[in-house]
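Participant: Next come the chains, spelled out residue by residue.
Number of protein chains: 2
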Amino acid sequence: MKEISVAHGAGGEQSRHLINNLILKYFGNPILNELEDAAVLNTLGKIAFTTDSFVVDPIFFPGGNIGDLAICGTVNDLAVKGAEPKYISVSFIIEEGFAIKDFKAILSSMRQRASEAGVIIATGDTKVTPRGKTDKIFINTAGIGFLPKNANVAAKNIKNGDVLIVSGNLGDHSIAIMNARHNLGIKSNIKTDSAPLNKITQELIKTLGKDIKAMRDITRGGLASVLNEMTSPQIGFVVEEAKIPSSKSAAAAARLLGLDLLEMANEGKFLCVVSAAKAKQALQIIKKNKYGKNAEIIGLASKEVRGKVRLKTRLGPLRSLNAPLGELLPRIC
Amino acid sequence: MKEISVAHGAGGEQSRHLINNLILKYFGNPILNELEDAAVLNTLGKIAFTTDSFVVDPIFFPGGNIGDLAICGTVNDLAVKGAEPKYISVSFIIEEGFAIKDFKAILSSMRQRASEAGVIIATGDTKVTPRGKTDKIFINTAGIGFLPKNANVAAKNIKNGDVLIVSGNLGDHSIAIMNARHNLGIKSNIKTDSAPLNKITQELIKTLGKDIKAMRDITRGGLASVLNEMTSPQIGFVVEEAKIPSSKSAAAAARLLGLDLLEMANEGKFLCVVSAAKAKQALQIIKKNKYGKNAEIIGLASKEVRGKVRLKTRLGPLRSLNAPLGELLPRIC
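Quick note, the sequences are listed as chains C and A, same order. Per our numbering: the first sequence = residues 1 to 333. Per our numbering: the second sequence = residues 1001 to 1333.
By construction, these hints were calculated from the structure, which means they are not laboratory data. Mixed in with the good hints, there may be bad ones.
What the hints assert, rightly or not - With the Cβ distance kept under 8 Å, some of the chain A side facing chain C (calculated, not the full set): (1) Glu1013; (2) Val1040; (3) Thr1050; (4) Leu1078; (5) Ser1091; (6) Glu1095; (7) Pro1130; (8) Asp1211; (9) Pro1324.
Cβ atoms here follow ideal geometry from the backbone N, Cα and C, with glycine treated the same way.
Starting from the given sequences, assemble the full structure and let the hints guide the process.
Facilitator: Structure (structure tokens):
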């Protein structure tokens, strides 16, 4: 078996072969091994439920691959709701002729990330399309997380004076993808920042409870989108450009490409809005995790600028930070 | 807005426009309208969790479309586990240039089917790829269902003498798709059988409890696959060919195409395995629902033929009914 064939997605013997001899070898666990049409799970109280499809191009890039993103992306969507990610579904749409070697590399990354995040791959599906109908492989993941009783994380909780923390350097994922896709030849060690953030978010919730007002993973549309989405007729944000963390190499690459780090998708960064009283403690919790070591306080929620995001630029003047209008980097995740 | 553009999937203003002015107009409900990264849901006890990606070609066909299948398919995967489908996620992968008119038709069918099945569209995602990278539109749905306390539906419960019921005519969906895809010009009124089966399955569980041993929706690989998957070293099945329901026109079309109705995917049929004592009652429950009116008892579970499926042909002799080996009808769902 060297390539995916259409028969691998047909529901017959060859489908079973692919599932038993490949997918279950990587993902097998007592729940998934049942191979029933749906997985049976125990839950208690409130759950969080999310889904994401991944169509990133290229599918392999410095520091990760599409499978890695598919696990981390869904884990992080649950994490920023304050949930403990528990179960994940994995659905593949694969182009006929896709190399089994590459599929194994993807499965292996997914298993590793699921294990790191502590999520169980509970159910799945595989479809195969003829050549030219799918660009190599697309992956959908849906996830279920348990919500602790004291979690109540939503943009509507944000009050005047709450503090904004970004969990680390922005831009790495987008620049790594751009460089790999277009062979830009930017000589750098910039890698995707793809990472599961649930260990950090769970400690924030456990330690600081309702003082954690809202969290968002900083994906498509970047920090500019996330901040604008969280504004309301009652509240806005003031952000200091100089405080927003980024590596020198990412900042240089962004300048070279004429792109704005604040509009770029990340796959392992989140924005945390916390009460002023607990901001320092939240920053400490984030910084002591390896995925949060470059975290910084970047600004404040303010009723003065309600409905808007205002950026204090490095040169001094305030300007509006708007959500990006159109497509910046297609197929970034 | 006449066409999907790459910017519709970029996470910026245009994405928000697509979501607010189109998707939420069709799917809006208090949970989805929150537009948080994950939906918050109340659950109690055990849940069922499933996922499926839909890549059917063509996306519109007699009696349905890809969106219709995406709701019914996931609803039915939950239903045959004995669960009450409750929440569904919807994730679109759309090719740039896809007509908004067609997207609206798909959204509309999905809303209607979700409403009929009683499921809430709780969370979603939209990605757009450049032209030529996706074949029009692919849809992933994941679903969560509540499991009643008395539900314990799994192939391992099947005992010698249990009765097999097929819920209606086989083959219609596959023939409708083939005819639409290849312009076969088969003059018939054959339409997809796509339908939500949860009202039937829930009444079976509620009325007959543990006497409902196992259920499977008869999708990819057809009845032949489903029966073979449910065999074990302890149990097999004997099926009477003459009892398997199909319409005259579907049977004629299958003969014409040289295809076997027993290997064809259906989107609104299931196999129910029930204790002999309650078989008649189960058949009555199925037949009184509009999606089960052609249901028939087709055979028995038997330890005599353990590990195998044996077919009593119309002409008399018994033959093995094996799972189809390769691809029968690619992109049937």
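Participant: All hints are to be evaluated individually against the structure, with a verdict given for each.
Facilitator: Now for the hints, and whether the structure bears them out:
1. Glu1013: Hint holds; A/Glu1013 Cβ to chain C Cβ min 5 Å, cut 8 Å.
2. Val1040: This interface hint holds because 6 Å falls under the 8 Å limit.
3. Thr1050: holds (4 Å)
4. Leu1078: holds (5 Å)
5. Ser1091: Because about 4 Å separates A/Ser1091 from the closest Cβ in chain C, which is inside the 8 Å limit, the hint holds.
6. Glu1095: Constraint on A/Glu1095 not satisfied, violated at 10 Å.
7. Pro1130: This interface hint holds because 7 Å falls under the 8 Å limit.
8. Asp1211: violated (19 Å)
9. Pro1324: holds (4 Å)
This entry does not satisfy hints 6, 8, going by the numbered hints stated previously.
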